[in-house]
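Residues per chain are reported as follows:
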Amino acid sequence: MKLYRIHGLLLKHWYTTINSVDRILDILFWPIVNLIIWGFASKYVQESGAGEFILGVFLGGLILYTIFDRAQKDTSMYIVEDFWNKSVYSTYVTPVTEGELFVSVALLGICRAVIEFMVVGLLALAAYGFNIFAIGSLGLFVIPLFIFGWAVGLLVNGIIFQYGSRISIFIWSIPFLIEPFAAVFYPVSVLPSSLQAIAAAMPLAYIFEGLRAAMNGAFLVKDFVIALLLSIVYFIVSYALFRFFINRGRRTGFLSKQ
Amino acid sequence: MTVLNVRGLKKSYTIRSGLFWKKKTTIDAVKDVTFSVRKHETFGLLGPNGAGKTTTVNILAGIVTKDAGDITVFGQPYTQETKERMNVATAYNSLLDYLTVMQNLRIYARIYNVKNSEDKIKNLLKRFGIYKKRHTRYYLLSAGQRTRVNLCKGLVNNPELLLLDEATVGLDPDVAQEVRDEINKLDTTIIFTTHYMKEIEQLCTRAAFLHEGKIIRVGTPQQLLKMIKEQIVQISFYPSERTRSIINKLPGKFEEKTSTRVVLRIPNTPGAMHDVLEPLMSQGVYIKDLHITKPSMDDVFIKLVGKKS
Numbered sequence: 000m001k002l003y004r005i006h007g008l009l010l011k012h013w014y015t016t017i018n019s020v021d022r023i024l025d026i027l028f029w030p031i032v033n034l035i036i037w038g039f040a041s042k043y044v045q046e047s048g049a050g051e052f053i054l055g056v057f058l059g060g061l062i063l064y065t066i067f068d069r070a071q072k073d074t075s076m077y078i079v080e081d082f083w084n085k086s087v088y089s090t091y092v093t094p095v096t097e098g099e100l101f102v103s104v105a106l107l108g109i110c111r112a113v114i115e116f117m118v119v120g121l122l123a124l125a126a127y128g129f130n131i132f133a134i135g136s137l138g139l140f141v142i143p144l145f146i147f148g149w150a151v152g153l154l155v156n157g158i159i160f161q162y163g164s165r166i167s168i169f170i171w172s173i174p175f176l177i178e179p180f181a182a183v184f185y186p187v188s189v190l191p192s193s194l195q196a197i198a199a200a201m202p203l204a205y206i207f208e209g210l211r212a213a214m215n216g217a218f219l220v221k222d223f224v225i226a227l228l229l230s231i232v233y234f235i236v237s238y239a240l241f242r243f244f245i246n247r248g249r250r251t252g253f254l255s256k257q
Numbered sequence: 000m001t002v003l004n005v006r007g008l009k010k011s012y013t014i015r016s017g018l019f020w021k022k023k024t025t026i027d028a029v030k031d032v033t034f035s036v037r038k039h040e041t042f043g044l045l046g047p048n049g050a051g052k053t054t055t056v057n058i059l060a061g062i063v064t065k066d067a068g069d070i071t072v073f074g075q076p077y078t079q080e081t082k083e084r085m086n087v088a089t090a091y092n093s094l095l096d097y098l099t100v101m102q103n104l105r106i107y108a109r110i111y112n113v114k115n116s117e118d119k120i121k122n123l124l125k126r127f128g129i130y131k132k133r134h135t136r137y138y139l140l141s142a143g144q145r146t147r148v149n150l151c152k153g154l155v156n157n158p159e160l161l162l163l164d165e166a167t168v169g170l171d172p173d174v175a176q177e178v179r180d181e182i183n184k185l186d187t188t189i190i191f192t193t194h195y196m197k198e199i200e201q202l203c204t205r206a207a208f209l210h211e212g213k214i215i216r217v218g219t220p221q222q223l224l225k226m227i228k229e230q231i232v233q234i235s236f237y238p239s240e241r242t243r244s245i246i247n248k249l250p251g252k253f254e255e256k257t258s259t260r261v262v263l264r265i266p267n268t269p270g271a272m273h274d275v276l277e278p279l280m281s282q283g284v285y286i287k288d289l290h291i292t293k294p295s296m297d298d299v300f301i302k303l304v305g306k307k308s
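Just so you know, the protein sequences line up as chains A and B, in that order. Heads up, the first sequence is in numbering that gives the first Met the number 0, so the first residue is 0 and it goes up one at a time. Heads up, the second sequence is in numbering that gives the first Met the number 0, so the first residue is 0 and it goes up one at a time.
Looking at chain B on its own, in the form it has when it is part of the complex:
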């Protein structure tokens, strides 16, 4: 079942500069974005700065209006009322500074008409490990704690569609991982924007690469990784004539070759690694160290965006 359908989304901003005779510059933030998200899918939107990720999310969140295109949510045209079944969390927004965590969350629970809101809020705070901070004023929280409170706010109405914009930006690696683990456990449809390619691999069932306001590729992380045709193998060994002759016959493209180490670029296919390791093992070459670099989303990003830039 499709939860969200976006067709031909377009948005441009006009920037005016100058004091009296203002010069107008038009920036096309989103040129032509089309995608759909299925129920319980975690759909990633990624791309470099200015690619149009946040503008797309802001349009879906209803805080920026579109210039053109169609958005269907839960099978209905997007309206103010469909926002009842959605929610948004981003690292860039704030809640009311002088209110406590509980007070802030109670407000949103009421706005979304949440039943048993006190229990619901307390459970969320426990789940995100900030229950002890429930009576702390928002401005006294650390960046990590604020992010967690923002996520609690985003989940307070059990949204059927959750928009997460750079939800883990600025967090310490361990906190970011904890947040990712919690996001992974969520039983809802998520649209997720990030700069961190690792997050796409960890969290997303599908991802779309945006570049200059257009989607340039959509696929599962596995499909996207298949775009990278090679993997890299680094082998360290004790120097000897016999080893050198065996090494010289290895398949693949040599990136680096010294008397103790080779770096090989080999195809990213199931049998390729065997073809490299089998001659070494069968002829008793003592391998000091072996390091395999599998294709990552970083490589996909560089391949897609680097080529276009």
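Excised from the complex, chain A in its bound form:
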């Protein structure tokens, strides 16, 4: 792994971002829109007698979910960018390795997620008086959140390396498919038992249970450890699949035709 090659890829992602209005806006636009909708909705529920806690559940869940969402989308979008530009050949004939590709998008995802988290967090504080920065133990839950985001992003990339950019829709639809089982806005216990089994296999469910506990001042060590281990397992499997599909693309000649 060479740092200058990662720097070269980061330069590519940077130029892609500054030359694309939607790449700049998507850090802020959707999170802010969501914050406004869920903020007012939760304020209404809170004022209907649901208690102080409900505002934190909705806004905390929303803000934290942006980290997973950003890590997953950036891991996919900035790698699939080459398919959209028909520049796959130009990138993959260079000495760049799969590891360097991943590190570059992971670093980019961290930067963009931090910006997004800070802006939305500060806005939630200013608009609704909800201070996510005060929930100190959340910092640790951010780690499995990123790892799982990268895992899902790499899995989507693998599928695109197999079937081409015509299935790019997965980049945006996968988070919506995962969200019901992630227990972002409600505890796992409200899910039917069959869906609870799926939620049990999702690191996100443990992370958001951890968030709700953290808001009460508790830190669920077990949930954190399970979330971290599950995320690592998913990441290892997804990275292996990502490499497998790239190598398959080289074997079948698919990459050379993109």
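Keep in mind that a hint or two might mislead.
[What the hints assert, rightly or not] If we take Cβ atoms under 8 angstroms as the criterion, some of the chain B residues that face chain A in the derived model are: (1) Tyr12; (2) Glu80; (3) Ser93; (4) Leu94; (5) Tyr97; (6) Arg109; (7) Lys152; (8) Lys228; (9) Ile231; (10) Val232.
Simulated from the structure, these hints should not be mistaken for lab results. Note that CB positions come from ideal geometry on N, CA and C, so glycine has one too.
Position chain B relative to chain A; hints supplied.
Same frame as chain A, now just chain B:
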């Protein structure tokens, strides 16, 4: 010194068709390709569509994996790291559309760890006559300008081995000639694939003809041209009895003979042309027009490939 050694290269693709019970068809793109390229040589790979040229280049570029065979580059087995000293340019690939020419080239300069990259990029852009377009987005460039930018990308790391796949395809003749002139000035080892036989004569020190995934002939353009044993002479003259009798005695095989024109097929040897022209000149025949068609790489191509097809 040998820069590239390719031995027994093989590659086949499996194509699956059908919705549920997929039928598999195997296509042998490269069956058995062996060649070596020396330092500072421009080595041509040519052949008809589907001959295996692009697959061979793609394997060398590392974007397609081989099924069998050995590749040695710079005296070492081919690895991801040897790609640092190589580069590729092809008319068929693209760079990032919404980025400017400079931004695109800066990315590749960084990936290849090029020192003084700004100066290097600017010099390349000036050399290929597109410096004025450096702040233009890639998608706004013409096909010719894109080809030049792709060549700049291919040269950004001063590659010791440059792979050029159909580098001039789709260009206007004058632009293609300018690009060929620039390629001719390059001080590096080049593997060059093309459909245009003229380019092989102009650019290559040696060339290999590929057909159905196999190399069927390797040689310098001169050696290859020697495969064609004949040249064609067309002579136009004023009609007269005396001229006709002189013409009738000319050596060679008559392809066409009228009262004012003959087309002769004569051996492609140094003295053959003299044997045709000497009797005409010495007996004062007034030649209105003379046209000599020397053997070309097109003829070599047709002879080699046409016979096999």
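| field | lysine 228 of chain B as chain A interface residue, shortest Cβ-Cβ below 8 angstroms | value | At 40 angstroms from the nearest chain A Cβ, lysine 228 of chain B fails the 8 angstroms test, so the hint is violated.
| message | Would the hint on arginine 109 of chain B be counted as holding, given a Cβ-Cβ threshold of 8 angstroms to chain A? | response | At about 3 angstroms, which falls below the 8 angstroms cut-off, the nearest Cβ of chain A leaves the hint on arginine 109 of chain B intact, so it holds.
| request: Grab the minimum C-beta distance from tyrosine 97 of chain B to chain A and call the hint holds if it beats 8 angstroms, violated otherwise. | output: Hint on tyrosine 97 of chain B: holds, closest Cβ of chain A at ~5 angstroms, below 8 angstroms.
| said: Under 8 angstroms is the threshold here; is the Cβ of valine 232 of chain B close enough to any Cβ of chain A for the hint to stand? | reply: Since the shortest Cβ distance to chain A is 46 angstroms, the answer is violated.
| task | Double-check isoleucine 231 of chain B for me: the hint is only fine if its C-beta lies closer than 8 angstroms to a C-beta in chain A. | result | At about 41 angstroms, which exceeds the 8 angstroms cut-off, the nearest Cβ of chain A leaves the hint on isoleucine 231 of chain B violated.
| chain A contact restraint on tyrosine 12 of chain B - CB to CB distance below 8 angstroms | This hint holds: tyrosine 12 of chain B lies near chain A, its Cβ roughly 6 angstroms from the closest one there, short of 8 angstroms.
| field | Interface hint compliance - leucine 94 of chain B to chain A, C-beta minimum distance less than 8 angstroms | value | holds, 6 angstroms
| message | Hint serine 93 of chain B vs chain A: min CB-CB distance below 8 angstroms? | response | holds, 4 angstroms
| said: Restraint: glutamate 80 of chain B near chain A, CB-CB cut 8 angstroms. Satisfied or not? | reply: holds, 6 angstroms
| Supplied contact hint for lysine 152 of chain B, tested at 8 angstroms Cβ to chain A | holds, 7 angstroms
Hint compliance for this structure: hints 8, 9 and 10 are not met, and every other hint is.
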